[in-house]
Each structure stands twice: as C-alpha cells, then as structure tokens.
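Asker: Listed below are the residues making up each chain.
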Amino acid sequence: MRGAKSAKWVAIAGVVALTATACGGGSDSSDNSNRKVDPKGIVSYANGEPQNALQPSNTMEAYGSVVIDSLFTGLVHYDKQGNITYENAESVTPDKANKVWTVKLKPGWKFHNGEAVTAKSYVDAWNWAADPANGQQNSSWYRDIVGYEDVHPEKGKAKKKAMSGLKVVDENTFTITLNHGIPYYAYKLVYAPFYPLPSAALKDPKKYGESPVGNGPYKFDKWDHKKVISVRAWGGYKGANKPKNGGIDFKAYNKDTAAYADLKSDNVDTMPLVPNSEIANFKQDFGDRAIDMDFSAINTVNFAFYTKQWKDIDVKVLQGLSMAIDRDTIAKTVFHGTRESATGWVAKGVKGYQNDACGEFCKFDPKKAKQSIKAGGGVPGNKISIQYNADQPHKDWVVAVCNSITNATGVKCVGDPVTDFAADTEIRDQKKVKSMYRSGWVLDYPFNGNFLADLYGTGVDGNKGGFSDKKFDALTKKADQAKTIDESAKLYQQAEKELVKSFPGIPLWYNKTLSAYSKNVKKVEFDQAGDPILTEVEVFEK
Amino acid sequence: MGRYVARRLLQMIPVFIGTTLLIFLMVNVLPGDPVAALWGDKPPDPAQVAQIKHDRGLDLPLWQQYFHYMGGLLQGDFGNTIAGNRPILDEITQAFPVSARLAAMAWTFELVVGIALGVLAGVKRGRILDNTVTLFTLLVISVPIFVFGLFLQLIFGNELGWVTPTVQDSENIGELLLPALVLGLVGLAYVARLTRTSIAENRQADYIRTAVAKGLPRKRIITRHLLRNSLIPVVTYLGTDIGTLMGGAVITEGIFNVAGVGNLLYDGLFQHEGTVIVGVVTVLVLVYLLASLLVDLLYAVLDPRIRYA
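Taken in sequence, the protein lines are chains A and B.
Reminder that position 201 of the first sequence reads as 203 in the numbering used here, one-by-one numbering, no gaps.
Reminder that position 70 of the second sequence reads as 126 in the numbering used here, one-by-one numbering, no gaps.
Please note that the accuracy of each hint is not assured.
Interface residues of chain B toward chain A, partial, derived using beta-carbon atoms under 8 Å [unchecked claim]:
{"hint": "1", "residue": "89"}
{"hint": "2", "residue": "90"}
{"hint": "3", "residue": "92"}
{"hint": "4", "residue": "93"}
{"hint": "5", "residue": "96"}
{"hint": "6", "residue": "98"}
{"hint": "7", "residue": "102"}
{"hint": "8", "residue": "104"}
{"hint": "9", "residue": "107"}
{"hint": "10", "residue": "214"}
{"hint": "11", "residue": "312"}
{"hint": "12", "residue": "313"}
{"hint": "13", "residue": "315"}
{"hint": "14", "residue": "322"}
{"hint": "15", "residue": "326"}
Covered stretches of chain A (chain B as the covering partner; in silico rule of three or more C-beta atoms under 8 Å from a C-beta of chain B) [what the hints assert, rightly or not]:
{"hint": "16", "segment": "135–141"}
{"hint": "17", "segment": "263–273"}
Straight line, CA to CA, 27 Å or less: simulated DSSO-like cross-link-like pairs of lysine-lysine [unchecked claim]:
{"hint": "18", "chain 1": "A", "residue 1": "433", "chain 2": "A", "residue 2": "479"}
{"hint": "19", "chain 1": "B", "residue 1": "98", "chain 2": "A", "residue 2": "434"}
{"hint": "20", "chain 1": "B", "residue 1": "98", "chain 2": "A", "residue 2": "163"}
These aren't lab readings, by the way, just hints derived from the structure by calculation.
Yeah, the Cβ is synthetic: ideal placement off N, Cα and C, and Gly gets one too.
Modelling step: build the complete structure from the supplied sequences, incorporating the hints.
Answerer: Structure representation (structure tokens):
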C-alpha cells in the first residue's frame, strides 16, 4: 500500500503547514506573506463622482476631497496623537499673541508641471479663492485673516483683490496676520483650501478643475466622468509620505452596496465605509482584512432651545433625559458593537479629548433619570420628538433611544423623520425644529475647540439649536487667548466641563471607521478624520 | 395613415409642455435648498450661495426660470448642474446610450423568451409545462426585483465568479448581460402570461378550427394564425415597457453600478438637481410618446381590421 502511505504523509504535511501559518495570524495574511509587493501596482478605491470640479478650495464633500488630498500636500498635517507635523512648510510659527504667523517653506518643492512652489503660490491661491466671484465653496476658511471682509463681503462684490493680512516676505516665506490671536491656527492650515495652486490654475480655473496640477505625492492622470479618476505616483515628490504604490484609481460607485459586492470579489481594493446592511457580517466576510478604527466623530441629539418646550428649562430635565438612554445596549444591538458610547462632547482622537467629561449624566441610570426629570419640573408636555433625515439609516437608533427614554422615565418620545438631509438642515437653519434633532460632527481639525466653540458658542454658525451659555463663552474666549496649543486645549477642557451644567445636547456615540480591503493589497489604514492613507497601501504582484 | 401620424405628432406638443411644466413645478416644491445643501453639515456661506444662485439663474421668479429653461431646451440646451456647473446635456448624452443598450437587451430578452414561453404554455395548456411556466412567472412577479438582482449578483458574481459583481465598463455588452436579465425578468413574466392567456383563448376560436380542418401544418397554424392574432395585448405591453425599462432601471442600475439614466435620476433627486431631473424626464417622455405611437401603428399591421383614417 505504498500509495496510501504517501498520501497520508501528504495530508499530515498539509496539517502542519496549516497550523504553522495559523500562528502567523490567520490564513489570509499567511497567503500573502509569500507574495511579492509590486511598487508600481495600482490601488483601486471605491469612490463616487465628485460634486465639483477638482479645485482644493471648492471641494468639501468626501468624493472630491480624497482625490484632492492625493494630488496636494499642504503646509502641515497632524499625527495620530493630534500633534502638528510639517509637510511643505519648514516651520509655522506664531508671534507672542498668536496673531501673526510666519510660514517658512521647504525650498525646492515643485508642482507637477515643474513650476516652483513658492510663498506666492500660497498667497495668490488663497486670495483668489476668497473672492466670491470665483465661486469657491470653502472661502469662509480664510475669515480669520485680516482683510477677508474686503475681499469677501457679506453681500455684493469684492472691494479688494487681496487680503491685507497675507504678505509675501521672500520666495519661501510669507506671513499670515489674523484678526485676533488663535493659538491652534496651524491646525486649520491642514485643510484643503490652504493648499497652494500653480499660476496656470488661476489663469484658466475651469480647465484646471478638470485636470488639476498639484504638489502632492500623486500626479493627475485622467478623469473619466462617473467612471474613474486616475492619479499616478509622481517621481518628483519631495515629501516624506512618498507613495508605496504606483497610483490610485478612484472608481465611481453610486451605491455602497455595489462597491461592497466588488470588494468581496477583489474587483476594488478598499472603500470608505462598509454599507449599513453589511455591518453585522463584514468581519466574517473579510476576516483579518476587516478594518475597525477610531474615527473622530460624534453623534448627539440636540435641543432646540428656541422652542417653548426648552426655553426656560431646568437643566436637571436635560440631564435626566441623557441618563435615560442606554447607550451601551443600543451600540451593541442596533450598531452591532461598531460604535462606542460617548462620555463627553469632544470625539476621541483629538487633542484635548478628556474621558468622562459628561460624568454620571452620560451613564444609563433609569432611577436617577426619573428623579432628575421630576426634580427639574418635568418635560413640558411630557412628550419629545427627535428630528432626523430619513434618507440615511437613522430610524432604528432613534426608535431605540426613544424607547429607552420612555421606558425609563415615562416621557413620550417619537421620531420625527424629514425626507432627506437637505430638508433636515433647512429646517434646522430656519430654527423650526419642534423639539430635538439628531446631529453629528466630524473633526475639521483634531483639536477639542473644534467640537466646542464651533458648535456651542453663542451665535456661531454651527450652533443650530440656539444654545447660549455665558460662562462657556467666557471660557472659550479665554482658551482662544492662550499662549500655546496645550494651554488652549486645557482651557477648552474646562469649557467642556462647564457644559455639564448647561447641557447643550446629549452625547450618544463616537463613530468608527468600518472598512475592509481586498486580497490584492496590504497596509490599508484610515486616519482619525476617516480618510484613507493611500500612500502607504502596498499592492501585491499579480 | 399619414394624417394620423401627423395628428399624433402634433398631440405630443401639449403633452410635452404639460409634463415638463408639471415636473418643473414638482421639483421646485421639494423641501430643502439645493444650493445651501452643497455645504452639507457645515454652515453655508451667504455670499457664495447668492453668487451660485445668480450664476444658475435660481434667483429669478419661477415662471421666468421655466421660460428660460424651455427657451434653452428648444435650442438643445438643457442648462447646467447646480453643483459643478456642468452641462446637463453632457450627462444625458453619456447616460442615455448606456440605458438604451441595457433596455434594448432586456427588451429583446422579454420579447423572445417571454413570447416563446407564453406560446408553449398556451398551446400545452393544463400540462406540466404550462404549470411550470405559470409557477415561474408567479414567482418572478411576486418577488421584488432587488432580491433577484442581489441574489444573482451573489451567485454569479461573488460565489461562482463568472462575471464581476458590478459592471466595470458600462459600454461593454457582455458585462451588461446579467443586469439586463434582471431588468427584463418582470417584463418577461408579464409577456409570458399575456401571451399564454391570449393564445389559450384564441385556440378555441372558429378560425383556428377552420385552419385545423383545412389540414394546415401545425407550425403554420401557430405562427401565422394563432400568434399573430394573439399578439395585440402583448405588443401594447411591450411598447409601453420600453419607457419603463429606460427610466425604471433605478434599482437594477444601482445594484450593478451601471452609469445610466436610472442612476442619473436617482442622484438628481438626492442632490436636488431640479434641472437634471426635468431634463432626463423630458427625454423619457419623448421615448414614451414615440413608443406608444409605434405601438398604435403596429396594431394596423397585426390586425387589418384596425385602420386609421
């Protein structure tokens, strides 16, 4: 029986090989450990058609942003701890009052067309983008700069073509003068409207928007509308994050479910977020290729303080409602464990995040909840509603939150669906919300002030519930006048603590980035803003 | 006949104006400001909003907007999108051929397989074959189309790997086969059922008995006598279905990521791009009108008793 014997040996050898690889961390990675990486391989990313032409200062939605970010490198960026890192800038330094910021560029950087990246490339681009006649959606990002009102008045045409707060000192140096000191201003410079533009872009913006020329790790290749945008690694790149792949194809998908189906059979390499319908099983589908990362975004339910119901409310009632919500159970059941209960108003992963800022008021305690609401005089009308947009999957958790509140306190609670997001924001802007509304915030920059002053300061644009707390305003003002970033973050932490006493909204959960990647690639990660770090992705040889 | 066609063509004008006006008004009462919505979660910039509205003519009174729009339309200008300021005509000329191809494939599928199944079932009424067809069509009609779409995508795309789960190139006919099959499935069931009933009914008719008595070959009886007289309801259905297939592909195009009219319409609705919706629907209305004219003309060919003055 020679044959049988040898067959047995083969079988045993197979088992040994399997167990040996299992120690290496799952069968998928073991298959891949032998595979060679192709530095010229192309990564495909499930994207969609960008809303606007590809101009940095005109791109704020995700489909365009991810392309722009691959084509451009800004002055600064931040690391995982939320600290500033220098990219195209050699240094960005404030004066003592944090009012005048001097930017020094690393010399020798070039745009993809060979033009040198100079101080002028920045100053001209920003001035151009601030002018409303050029229709750039992101122009309000320059509002801290002296002279912005002249270039971009509330109404009518620009009075001047340039902001007086921007000055070119020499080829590689320029200064930014702000209306008032902002200790964390460097964080804002991370954002796309602060990217430089080559001079050709300002001469023919339309043509440029169809085939952008940047200074980033990738060079624009082609844009096949509604199909694909291709960028290719650029040899002349001077930055530290040199691409470890040959380029990226941003494929346009209409539905995330279609992208997911392609991802499962390796027709696309990764996608921004797995569809809601797949959250329960994407970890089974992908094994170690499933991605579950912190994402600096927070979900809240906010009060419309301009309504009769909440106008002169005792804060105990608001705290009571918050304590009546069983966040952990809802995160486990409705979200299949893919969100984390929030313990404050600032999302995780940003500078100045503090654990447990909300304290006992963000912990489920039905007894205390009932007592607190009673002590505060009860909810006017004994009925609340939560407004949400029905075009996204919010219904399930709103119902769950409502049930939790009603079961714990007896306060009636119903969902108040609005057709879609545009209608939802319009009602919020017009201050016509009936009782409460769903809200959420993704970081603009990883600093706690972005989650506090920009959302709950009296009269700021992001404050849609009409919340106002003088003590909180005073604290944020003090934080803005701090000398250093760290000091400012600390003062903002105090301001966050103050919110416990006025309760602008109920923190619910921190988001997570849930994604996966195909068998063709490795090292796929997402940053705390939920954006893919595409330069690091490595592609296997075919 | 010529006068009939001319009259029908003239009738199209008021229908055309009526539908575009209706849709134009309907889109404008949708809640939410499309320009402010460009800013998403973030607060919109009033100066930019005003600028964009001015550029796109959205600051004019509604009746002026409509006249501007219709004026442009007569010159073949469908206007520009709110986001990105791209010509809508480009989007339409890009999407329609894709959908037309998909619809044509689905339609052929409906026509050939549907009529064949219907004839077989109708002729063999009450036998196993008839029962099988009835059961199959019942299943197809009762199960929602997206279930079939996702199921077939899972089987052929993800499990068997015969095709890519979604369409990678919307101009590749081979890749469009699966979505076309899904798209044509419901129509196929209706066509099969209509044909079957019609054939079963006419089989008892006197002229068939005469033909049989004359000793005509069976094949000739079925194709020339039975089928031709039974096709009128089927043709009506197939005609109106052309329009439905073109515009009703929202679900199928979504599942298989086909860059066609369905997706364009879906996007338009979600991004509140009123002029895109009006433009697409305008073309769809034209397709409907022409298809129904064609159906009416075909009647005369099928049944000589029907003649137009």
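Asker: Which numbered hints turn out to be false for this structure?
Answerer: none
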